[in-house]
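Peer 1: As a plain string of letters, each chain reads:
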Amino acid sequence: MTAPSQEPHVVLAPGDRLLEVRDLTVEFRTTHGVVNAVNGVSFSLDRGETLAILGESGSGKSVSAQALMGLIDTPPGFITDGQILFHGEDLLANRHLQRQIRGRAITMIFQDALSALNPVYTVGWQIGEQLRVHRKMSRKATRARVIELMELVKIPNAAARVDDFPHQFSGGMRQRAMIAMALALDPEILIADEPTTALDVTVQAQVMELLDDLRRELGMALILITHDLGVVTEVAHRVAVMYAGRIVEQGDVNSVFKNPAHPYTEGLMKSIPRVTDKGHRLVPITGAPPSLSRIPSGCPFHPRCPYKRPDTCVEERPLLRSVLPGRLTACHFAEEVLS
Amino acid sequence: MTGEPLLKVDGLIKHFPIGRKVIGPGGLATVKAVDGVSFELARGETLGIVGESGCGKSTVAKTLVRLEEPTSGTATFEGEDIFAMSARRLRKLRREVQIIFQDPYGSLNPRMTVGDIITEAWEIHKDTVPRRQRKTQAQELLERVGLDPGMINRYPHQFSGGQRQRIGIARALTLRPKIIICDEPVSALDVSVQAQVVNLLEEIQDDFGLSYIFIAHDLSVVRHISDRVGVMYLGRIVELGNEQQIYEEATHPYTQALLSAVPIPDPDESAVAKANRIVLEGDVPSPIDPPSGCHFRTRCWKADSRCAEEDPELIDRFAHGHPSACHYAAMRDPVA
Chain A
19 MTAPSQEPHV VLAPGDRLLE VRDLTVEFRT THGVVNAVNG VSFSLDRGET LAILGESGSG
79 KSVSAQALMG LIDTPPGFIT DGQILFHGED LLANRHLQRQ IRGRAITMIF QDALSALNPV
139 YTVGWQIGEQ LRVHRKMSRK ATRARVIELM ELVKIPNAAA RVDDFPHQFS GGMRQRAMIA
199 MALALDPEIL IADEPTTALD VTVQAQVMEL LDDLRRELGM ALILITHDLG VVTEVAHRVA
259 VMYAGRIVEQ GDVNSVFKNP AHPYTEGLMK SIPRVTDKGH RLVPITGAPP SLSRIPSGCP
319 FHPRCPYKRP DTCVEERPLL RSVLPGRLTA CHFAEEVLS
Chain B
848 MTGEPLLKVD GLIKHFPIGR KVIGPGGLAT VKAVDGVSFE LARGETLGIV GESGCGKSTV
908 AKTLVRLEEP TSGTATFEGE DIFAMSARRL RKLRREVQII FQDPYGSLNP RMTVGDIITE
968 AWEIHKDTVP RRQRKTQAQE LLERVGLDPG MINRYPHQFS GGQRQRIGIA RALTLRPKII
1028 ICDEPVSALD VSVQAQVVNL LEEIQDDFGL SYIFIAHDLS VVRHISDRVG VMYLGRIVEL
1088 GNEQQIYEEA THPYTQALLS AVPIPDPDES AVAKANRIVL EGDVPSPIDP PSGCHFRTRC
1148 WKADSRCAEE DPELIDRFAH GHPSACHYAA MRDPVA
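So the sequence lines, in the order shown, correspond to chains A and B. If you want this note's numbering, it's the position in the first sequence, counting the first as 1, plus 18. If you want this note's numbering, it's the position in the second sequence, counting the first as 1, plus 847.
If you are wondering where the hints come from, they were derived from the structure by calculation, not from laboratory data. Keep in mind that this is a model prediction, so the values were computed, not measured. Here a beta-carbon is modelled for each residue, glycine too, at the ideal position from N, C-alpha and C. Just to be clear, a hint being listed does not mean it is correct.
[Stated by the list, open to error] Under the rule of at most 27 angstroms between Cα atoms (straight-line distance), these lysine-lysine pairs were calculated in the DSSO-like manner:
(1) K172/A <-> K158/A
(2) K855/B <-> K296/A
(3) K296/A <-> K1025/B
[Claimed, not checked] Partial list, derived from the structure: chain B residues whose beta carbon lies under 7 angstroms from chain A:
(4) S900
(5) Q1005
(6) S1007
(7) G1009
(8) V1040
(9) V1045
(10) L1066
(11) S1067
(12) V1068
(13) R1070
(14) N1089
(15) E1090
(16) V1109
(17) I1111
(18) L1127
Hey, can you work out the whole structure from these sequences and the hints?
Peer 2: Okay, here's the thing in structure tokens:
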């Protein structure tokens, strides 16, 4: 793998962004009350770029991705505000366009490849399904293209394994088959939701390397949703850190991890043990992440924050603001965190 | 280590029968979950066991408290054979050896209050804590693991994942055990909560004089908490040494590959780590029919005909200071 930060970014005119999400807000209306899963999330994505969305369970990272794909079930889920601009066109305002794009220009792979595959059809048939339906390809042409795709994702002996069923594939191979399926219609954006969480560490390394290679070869953009800070450091150019349905910090991975400007990012970096060092006592973040149906007032991180000031942080919601070049942070006291 | 080890495991084997073989000579096919594991645990020590899913690390834990009956091998606790114990003696063993499970949701009975969960062991082992003192002692334990003692009448669903794991820890402490086997105790928890539970485990180890067998797939957590570490692959320990020897001076190719695959969350070190990475081909073979000789040979870059024929013993071959089950054990030269 080459270091992702070495690559030049394509400079685009503002209207020509590949993807721009503005103020995305998603809520779930349940019998137990409203769950505010995503609360005004904005980010952009350029061609060939890898953006990591980092967060813990219940931070809203997966719901954000589902909203991008138009996969929020209504009810109970409602997208109450925001825009998702793909090449400048708002997918939320144009449902027809969203259906055109979903699964073609924007595709997604999931954590659990076994349950994402249908056990009663062969892997090859499932990878080829879209080619037959959308491209109206013949059986023979489909089969040839499926074998090509399987070779592209480095499934060994693809020509023989095309007729295997999902249970005959190992965990790593299933995730490769999912990736092949996602690539079938030449997407511009691939969203990977915890793609390696269910995999062992040696297999995780293979799959992350594959995704990074494919991004470069095919010129795709990658949105990587994960809770693993190590994975983010290795494959992403930029990172958006989410907490309680909001992006609390955003910027270049090197800069964010070396010098976090938000107390939550800083707390995460301090609380994880390192394989390179036995280390001393860990410094945990106190408390637990909040429930999305009872998000604390003011800054949602204030009950756990070592920098909090009783008045400002409890009452005033901090907005994302520029604290360093290319760095956005939602903290009243970001300068103090940085110093 | 001074004197006799607290726990000594020798040649532990656990094979699960899974019905008739379809191909090949007749007889029952077996999953060779644990295929000859030996180690010792000293008083006050933490032994980490790492390995990928299916390597048999949890099965080792279960056989040690006889939640699974071993196929063969011995395990002695304070000199007494665990596998030969009568049901009566086993009850006493379970006071000494406790277990904490991975899933803080599945391992607590949803219909019992926290107080009931903690005092249950005292109901069974009636001679331990007199009935009148149970409530106060339960509250003291709750406080010790960082929970509000006033929550004693609440149910598990009213707690977060991290709090539930604390309840699991309190329950494990009720009978004042000597050993706690921690089976993936933090892997189901959020990153920001893991460190709290790791710190708690370290604190109570000192307070209660505990020995831990700490089973996990997260190599960073294991390094942080362990004094010694055993690396498992397909039912066998392939390398065993102190934390320094395993993480800095590994000699088994699998240990080296496993360590090099861990993504490092520090931008400066990450590039070096990637340059040094050994990316293994393929997946772990099935434990139903593991490769002959060295189980790792099908993915190993050093493997030759000897590896297919000869089982490498877990011994220190070239005076590296710790045992490694590889015919060609050698320390790695860093590439960078």
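Peer 1: State for each hint whether it applies.
Peer 2: Consistency of the hints with the structure:
no. : hint               : verdict
1   : K172/A <-> K158/A  : 21 angstroms, holds
2   : K855/B <-> K296/A  : 26 angstroms, holds
3   : K296/A <-> K1025/B : 25 angstroms, holds
4   : S900               : 6 angstroms, holds
5   : Q1005              : 12 angstroms, violated
6   : S1007              : 4 angstroms, holds
7   : G1009              : 6 angstroms, holds
8   : V1040              : 6 angstroms, holds
9   : V1045              : 6 angstroms, holds
10  : L1066              : 5 angstroms, holds
11  : S1067              : 4 angstroms, holds
12  : V1068              : 5 angstroms, holds
13  : R1070              : 6 angstroms, holds
14  : N1089              : 10 angstroms, violated
15  : E1090              : 6 angstroms, holds
16  : V1109              : 5 angstroms, holds
17  : I1111              : 6 angstroms, holds
18  : L1127              : 5 angstroms, holds
In terms of the numbered hints stated before, the structure departs from hints 5 and 14, listed from lowest to highest.
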